[in-house]
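**Q** Below, each chain spelled out in residue letters.
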Amino acid sequence: MIKYSLIFFLGLTCFSLIAQDDLLSMLEDEQEPTQIFAESTFKGTRIINGHSVETRREANLDFIISHRFGTLNSGSYELWGLDQSNIRIALEYSLTDNLTFGAGRNSFEKTYDGFVKYKLLKQQTGIKNIPVSVVWFSSITAKTLHRFDEVKTNLNDKLAYANQILIARKINSALSLQVSPTYIHYNLIELDETSNNVFALGIGGRYKITNRLTINAEYFPQLSDKGGQYQDAIAFGVDIETGGHVFQLQFSNATAMIEKGFVGETKNDFFGGDIHFGFNISRAFQLKK
Amino acid sequence: MSSAQRLMDRNGKIHFFSEAPLENIEATNKQALAALDLSNGKIAVSMLMKGFHFEKSLMEEHFNENYVESDKYPKASFSGQLDEFDASALDNITDSLQYSAIGQLTIHGVTNDVETVVTFKSIDSKISVRTQFWVKVDDYDVDIPKMVISNIAEEVLVTAQFSFERS
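Just so you know, the sequences run in chain order A and B.
All residue numbers in the first sequence are consecutive under the numbering used here, ending with 289.
All residue numbers in the second sequence are consecutive under the numbering used here, ending with 1167.
Bound-form chain B, shown alone (with noise of 0.2 Å):
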């Protein structure tokens, strides 16, 4: 179990967008880490809440204010298992190669089982992963009032993106 096994990334992108009928929701944080482990299909992120950014700077504090909470819960993390995963054949991807992922996703203290599709994709030197899945809001014990609820979708598409430099 050499450290050569394991992949990493400090600048993993994670954003979410929502489409509600007032405006938007759209943030990005690009200082995700992820670790994928070769010899087991392991994979793990861990993201800060107030790394994500908001075109809006009220919202932004809103969101880590009221929403997600981030002076109690500042972290977020996934923690997964990619399935039937083989290290060697990330050595030769034609075009792209898909596994099914799943896991365990904590956000607000609450952690729920989460299955997507994690497609890899070979760049150069580098291994490009990229997954997107749907996230609801109220699994995750965020409260929304009822006052803004117009204002604000209860389910946010969730897409991250990892980039790995090969060992």
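Next up, chain A with everything else stripped away, as it sits in the complex (with noise of 0.2 Å):
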């Protein structure tokens, strides 16, 4: 009896000194197991030209510039397509932490354009573990360029949709990919356009070289043709972030800044050299707390 209980004393003894040595791993087994959420699957709200998973949190403004330059092809007279920009200015607000609107004006095309983007899934692990972030993208744009032939348009034969699922995975802190599943219908095509209607799947993915550079690549191969005259949208960019803005800068045969655009509408060859230099800056705006 005498025995035991020494055994018991000591054993007391051994398992005090040892909690009392250490109170902060004591402290952190009372860490409550906590969700956590893949921050900073990409540093911005688009992968190059197409929308990334990310949306901004509540109540943050985005104003984002964006330029695309002429086609390096284009020779030194024209000092490598620099004398050239078609710009798109847009302001990018978040209702919440879920939901983005945004509303833009592109000067190719003279294009207005507007869209809503909302945050289905959060890719996560904890308690709940969700393998992808998925976002639902939407887009309505109005092309307001006057037309050079004798027809007649109204309002609804200038409008276009886009439609878009985005799924991302942040695989590792370095290396994230996205699917983005993409249909667009027009409402008016052209006489040497053979649909209304573009399905294509976009592919993207970016790669962070150090915490503040990435490298992004993107391709959108179209399902279906809307006519022979285009070409599938490719694009290779850089992510940089300094402080409160995210800068990007691109390499791409895409003229347009817009789904309906780029993914539908690319003339260029990239491999033929037609590629047009650009860059988004965003700066963001917290409106309240």
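Treat the hints as calculated values from the structure; they're not laboratory data.
Heads up, some of the hints might be wrong.
[As the list claims (entries may be wrong)] Selected chain B positions facing chain A (in silico; Cβ < 8 Å):
1) Lys1042
2) Leu1058
3) His1062
4) Glu1065
Even glycine gets a Cβ: it sits at the ideal position worked out from N, Cα and C.
Build the complex: two chains, separate frames, hints provided.
**A** So this is what it looks like as structure tokens:
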């Protein structure tokens, strides 16, 4: 009996000594298990031309200016495309962490665009495991460039719609991949175009070189072709993050910066050197806490 | 060594602030864990880096992603000792009671010795504990690129505030 008591007593002393010395580890054991969300799957709300699964948080207003210059193979007279530029100016506001509305004006074909983007699923581990983030994206665009022929058009004829489901996985802290099934409908098509509908599969990804620098790539193969004159959009770029800004530089055969344009109406041949240099700059404003 | 001699706070507040030319950098964590062992004056604090919330959400994202690398180093902690601590003194604090403390502060996987003064106050049935000290960002291998160095102060003022229920 005494022997057992002694063992019990020694055991108790040892236990309390360990416990006492390790107040911090006792404390760490108290930490409740937390749900870990995959943050910053991409640095920007665009991979390059197309939207990424990123949405900004509640009450964030992004002011985004995007430029696409002329093609690199236009020669020294055009300063390799820098003499020409088309621009999109946009405001994008996040009503909640998951819901963003945006509106922009594109100098290319004098097109207005409006979109809604909603985060359906967030990649996370913990009590609940979700392997991917899923975002729904829809936009409506109005091309207001005057026609050079005699065809009379109404507002309805000027509209096109783009719908996407963006599915992405942050595989590790460096590598993120995304697929973006895309459906676009054009209310009016030209005589040399074959279909009002375009289906495409977007594929994109980023690789982090340093904490503030990533290289990105993106490809939108069309599953149905609107007409033989069109090409699939290809783009390569880098994201540079400096404090509250994300600066994106890219090379792409796409002239337009909105889905209905770069997915379905890219005419340039990337491998023929019809490549536009371009950049996106965004500045974030927090409108309320 | 009964657990009654250990006081614990699950909602400790850690706040840091630094004044920088372009914009002040400020965040609060309201879910820090803190423990005080009355038998020997040992103190421990642990918190999740993702528990720090900023006014600007993009700043919060960059804090986690680029500066403290929260995925790699999810926690910060402090483990220390109050100098000449006497638990019975806590029972009759008139105005406030101060102890100096030394210990190890771990942030971003780097541990440094820290010395600070801890103030104890008695508020109703609770003991309020507060301390404030400067942290040099560079000491914890937190990398600030030259491009943004003028945006971010190199020293931040950390304020910790705990409230322990008397046992």
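**Q** Run every hint past the structure and note whether it holds.
**A** Hints, verified against the model:
no. : hint    : in the structure
1   : Lys1042 : 5 Å, holds
2   : Leu1058 : 4 Å, holds
3   : His1062 : 7 Å, holds
4   : Glu1065 : 5 Å, holds
The structure is consistent with each of the numbered hints, conforming to all of them.
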